[in-house]
Every structure is written in C-alpha cells, then in structure tokens.
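Chains R and C are the protein sequences, given in the same order.
No gaps in the numbering here: position 11 of the first sequence is 11 in this note's numbering, and each next residue is one more.
If you want this note's numbering, it's the 1-based position in the second sequence plus 174.
Incorrect hints may have been included.
Reference listing, derived: stretches of chain C covered by chain R, where coverage requires no fewer than 3 residues with Cβ under 8 angstroms from a Cβ of chain R [what the hints assert, rightly or not]:
# : stretch
1 : 187 to 193
2 : 287 to 298
3 : 301 to 311
4 : 361 to 371
For each label pair, taking beta carbons as the anchor points, the in silico distance ranges come out as [said to hold, decoys possible]:
# : chain 1 : residue 1 : chain 2 : residue 2 : range
5 : C       : Thr-221   : R       : Gly-110   : 31 to 39 angstroms
6 : R       : Leu-14    : C       : Ser-419   : 32 to 40 angstroms
7 : C       : Pro-382   : R       : Val-154   : 54 to 62 angstroms
Simulated from the structure, these hints should not be mistaken for lab results.
Don't be surprised by glycine CBs; every beta carbon is placed ideally from N, CA and C.
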Amino acid sequence: MKRRVLILAVASLLLALVLGQLNHYLAMWTVHVWCGGLFVAFAALRFGYGAGALASFIAGLLLDAGEPVAFGTQAFLFLAAHAVIFKVRARAPRDATIIGVMAALLANLGLFLALSFLRIDPNLKADQAWLRIFADLLASQVVIALIAPWFFAVQTRLLEATGTNLRDFSRRAF
Amino acid sequence: MLPQRIDQAKPFLTLGLALLAWLLIPTAVKRMTRTGFFELQAPLATTASYVRDLQDFWSLKTRSKNELIEAGRDVARLNAAYESRLQQDAALRSEIERLERILKLPIPAGHRAEPARVVLRDFSSWWQQLVIRKGHNYGIVVGSPVIFAGGVVGRVREVYAYTSVVELISSPGMRIAAVAEGDTRPISYQGAINPTYGPAVGVVEYVPLDVFATPAAPRRLVTSGLGGVFPPNLTIGYMTKVEASSDGLFKSGDVRLDSALSALNEVTVLVPADRPSTR
Numbered sequence: 001m002k003r004r005v006l007i008l009a010v011a012s013l014l015l016a017l018v019l020g021q022l023n024h025y026l027a028m029w030t031v032h033v034w035c036g037g038l039f040v041a042f043a044a045l046r047f048g049y050g051a052g053a054l055a056s057f058i059a060g061l062l063l064d065a066g067e068p069v070a071f072g073t074q075a076f077l078f079l080a081a082h083a084v085i086f087k088v089r090a091r092a093p094r095d096a097t098i099i100g101v102m103a104a105l106l107a108n109l110g111l112f113l114a115l116s117f118l119r120i121d122p123n124l125k126a127d128q129a130w131l132r133i134f135a136d137l138l139a140s141q142v143v144i145a146l147i148a149p150w151f152f153a154v155q156t157r158l159l160e161a162t163g164t165n166l167r168d169f170s171r172r173a174f
Numbered sequence: 175m176l177p178q179r180i181d182q183a184k185p186f187l188t189l190g191l192a193l194l195a196w197l198l199i200p201t202a203v204k205r206m207t208r209t210g211f212f213e214l215q216a217p218l219a220t221t222a223s224y225v226r227d228l229q230d231f232w233s234l235k236t237r238s239k240n241e242l243i244e245a246g247r248d249v250a251r252l253n254a255a256y257e258s259r260l261q262q263d264a265a266l267r268s269e270i271e272r273l274e275r276i277l278k279l280p281i282p283a284g285h286r287a288e289p290a291r292v293v294l295r296d297f298s299s300w301w302q303q304l305v306i307r308k309g310h311n312y313g314i315v316v317g318s319p320v321i322f323a324g325g326v327v328g329r330v331r332e333v334y335a336y337t338s339v340v341e342l343i344s345s346p347g348m349r350i351a352a353v354a355e356g357d358t359r360p361i362s363y364q365g366a367i368n369p370t371y372g373p374a375v376g377v378v379e380y381v382p383l384d385v386f387a388t389p390a391a392p393r394r395l396v397t398s399g400l401g402g403v404f405p406p407n408l409t410i411g412y413m414t415k416v417e418a419s420s421d422g423l424f425k426s427g428d429v430r431l432d433s434a435l436s437a438l439n440e441v442t443v444l445v446p447a448d449r450p451s452t453r
C-alpha cells in the first residue's frame, strides 16, 4: 500500500508542477485553472479505499502547502470527493477512461464551487466575483477534459512500472 | 461482519474520524508539515524558473547586433538620466537629514533593496500571489514590502529556505493604508476581484468627500507610510471612480492597478536594514 500511495503522490507532484507552470503563463490574461478533481478521480475509481483516500489526502496537502488557506482545507475537500466517488463507483465501468474523465469533471465542479464558497469575501462585489469564478471554472474543466486521459495514463504506467497490477483492485470494495 | 448500512457509510465515517483527528493535531506539527510539503515542491518550481531564464537567454542570443547596439544606446541614455536624478536625490536626502536633526524627529529605519526573480505567478479568483527565488538565505522576513518599477507589488506572506511567497496588492485579503497624491488624509485600500482578460483592480474606502477621480482624470493613489510596512509615496494605482458611500460621510471607489502586475518577472523586496543576508 505504501508504494502505491507514494507513486500516486509522485504523480500528483508532477501534475501540480504542470498546472503551476500553466497558471504562471495564464496569469498574464488573469485566468487560472484549478484541477482538484483530477487529483482525486483515479485514486477513487481504481484503488481500494485506504490507499486511495490517503493518496487524495496527500495531494490536497501538497496543494494546501503553497496557498493561503488553512492547512488541510483542500485535503479534506479531496477526501470528501474521494468518499463520494468511491461510494458510487460500482454503478459505472470504472476502468474506462471516459468514466474517469467524467468523474474528474464532476468532482472538480463540486470542489471548485465548495472552495469558492469558502474563499470569496462576501463584502466584495458578488456579480463580478462569480463571473470570474465561472470563467476560471470553464477554463479548468476544458483543461481537465484535455489532460485527464494523459494523466490517467501516466499514473497507470507508473504503477505498472513498479509492479502494481491495477486489476487486483478492480473487484475489491475496500 | 459490519451491517450493510454501516459498511456503506464507511467512507464518510472515516472522513469524519480523520477530520476529528486532524483538529486534535497540534498547530506546530501542522506548521512543520506545511513547510515540509512546500519545500518538497520548491526545487521543482525553481528549476522550471531557471529553465525559463535559459530560454529567454537563448531567445535574446538570436537578436541581431544592430538591435543590441540600439538597446545599449537606450540604456546609456537612461543611465545618464538616472545619474542626474541620483545627484538630486542625494542633495534632498542630506537636506531632510539636516531638518530631522534640527527638529529632533525620529529617523525611520531604512531598507535594503533585494531584487528577486519570480518563480511562479498565481492569479486565481480566490487569491493572487507570487513565489520569488529568495528566502531566509537572503534575510527576507515575513511582512517585507515588495515593489517594482510601477509601484507596490505586495507583501511577503511566507518565507522558506530559498523561496518566499508574496501576497499581491490585487489579492482580496490585502489592505494598505494609502493617501491620494498631494493629500495627507488616510484612505483604506483593499484588493478586489480581478476580471478575466483585464488589468488588476482594487477598491478604496474612507475617501474624503473633496477628493475626486474619474476614468478621464484618474487620481494617483500612493502609500501613506502609516503602519510602518510600506515606505510613503509608493504608487499603488490610480483611482478611476469615487462615489459617496451610503453613510454620506466618505466616498468609496475603484482603483486601477498597473497592468504589468500579472506579468512580473523580477521584483524588489525591501528588507529592513538591520536584517543581514546569511549568504
């Protein structure tokens, strides 16, 4: 379990780096992408509960470390999203990439709105705030739709390269 | 074996227990973990910024000699202008010091200017911040003001071993005591929600009723020097609109910030003069 969690943490680190660089360039146009759902989807769909939850939690802590939120905010949001996806995953062919992309998009939608409600100052102009939030959300969803298959493939290859067979987890509930 | 209903709720029970355990963890442990996770990512982001600098270097190498000669000539002209300004500045500084001695005024502590490259820019709707390539190794401290050619950039929020995080003035949580140029009465400046594809903006409150600003005739907003963080007279932005607030006692309005704020590559940290660099 430790090795699987470590591999997913390395993959999350890679994704955080890629998104950080993307946001660095997008800052010129005041656009920001936040792909929290992508950090959670693979672990929730393909892993057992313990390893997947721990990997999602670590990914949240990685994001929390550099951002002005209470440490653990995004980690617990990820853990909640993981629990929801894990609960409903038996109803869909969860090995399929398209299901993974859909799960990442839906999780990101929920997480993005939850984080917005937590972070937006109610004293600021609400119409401008939500206009900006929806613009960022749209950009984030487009980026997830584009890079999710690549990221799932990276995670699968990393796990295969270290001798982890994902089929072992496909029939397990916990 | 657990009853089916409890078994199905297991993910949410685990979530609740984890949250409870997290709340009981001492703050010092969380602080250490946070620093550890940040320092783990810092070398990756810093390496990426060095790679960007190398890309810029090679792209500049493709410029023709004529372009370089023209750029050198422009820089020489600017240097000559700045030399003359420096001489005027030195004369004014000695005059201020003479008056301070005569009037026995307290002499404010100076700052050491520490230029730093930008590693990452983060302009979300929730916060705006920069990561810069200098930290404890250059004596940077939390709360240090950060400036650039266009005025105030923000304030150092976190300092790590080799990097620091700067909260930008456009960030909604950022507040600065300001004054309208040519006025001494304090105004409260706060960062605001920044529109997509537009320049960064802020808002002002407690503007005196006799201060006017319109998009056609904007009024420069500068730091007041109150609060002791920012030196006085640094440009924050331009007030483009002020209207009487609901209580009728003051005005509130909008501030347009420098459009270069979202594309910065280099900034200067004003470190208190008594903080030596360990490097």
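Cross-check of the supplied hints:
Counting residues of the stretch 187 to 193 of chain C whose C-beta sits closer than 8 angstroms to any C-beta of chain R gives 4, which meets the bar of three, so the coverage hint holds. Counting residues of the stretch 287 to 298 of chain C whose CB falls under 8 angstroms from any CB of chain R gives 5; the rule of at least 3 is met. With 3 residues carrying a beta carbon less than 8 angstroms from a beta carbon of chain R, the stretch 301 to 311 of chain C meets the three-residue requirement, and the given coverage holds. Judged by the Cβ-Cβ criterion of 8 angstroms, the stretch 361 to 371 of chain C is covered by chain R as claimed, because 6 of its residues qualify and three suffice.
In this structure, Thr-221/C and Gly-110/R meet the distance hint of 31 to 39 angstroms, their C-beta atoms being roughly 34 angstroms apart. Checking the proposed 32 to 40 angstroms range against Leu-14/R and Ser-419/C shows it is violated: the Cβ atoms sit about 49 angstroms from each other. A hinted range of 54 to 62 angstroms holds for the C-beta pair Pro-382/C and Val-154/R, which are about 58 angstroms apart.
Hint 6 from the earlier list is the only one contradicted by this structure; the remaining hints agree with it.
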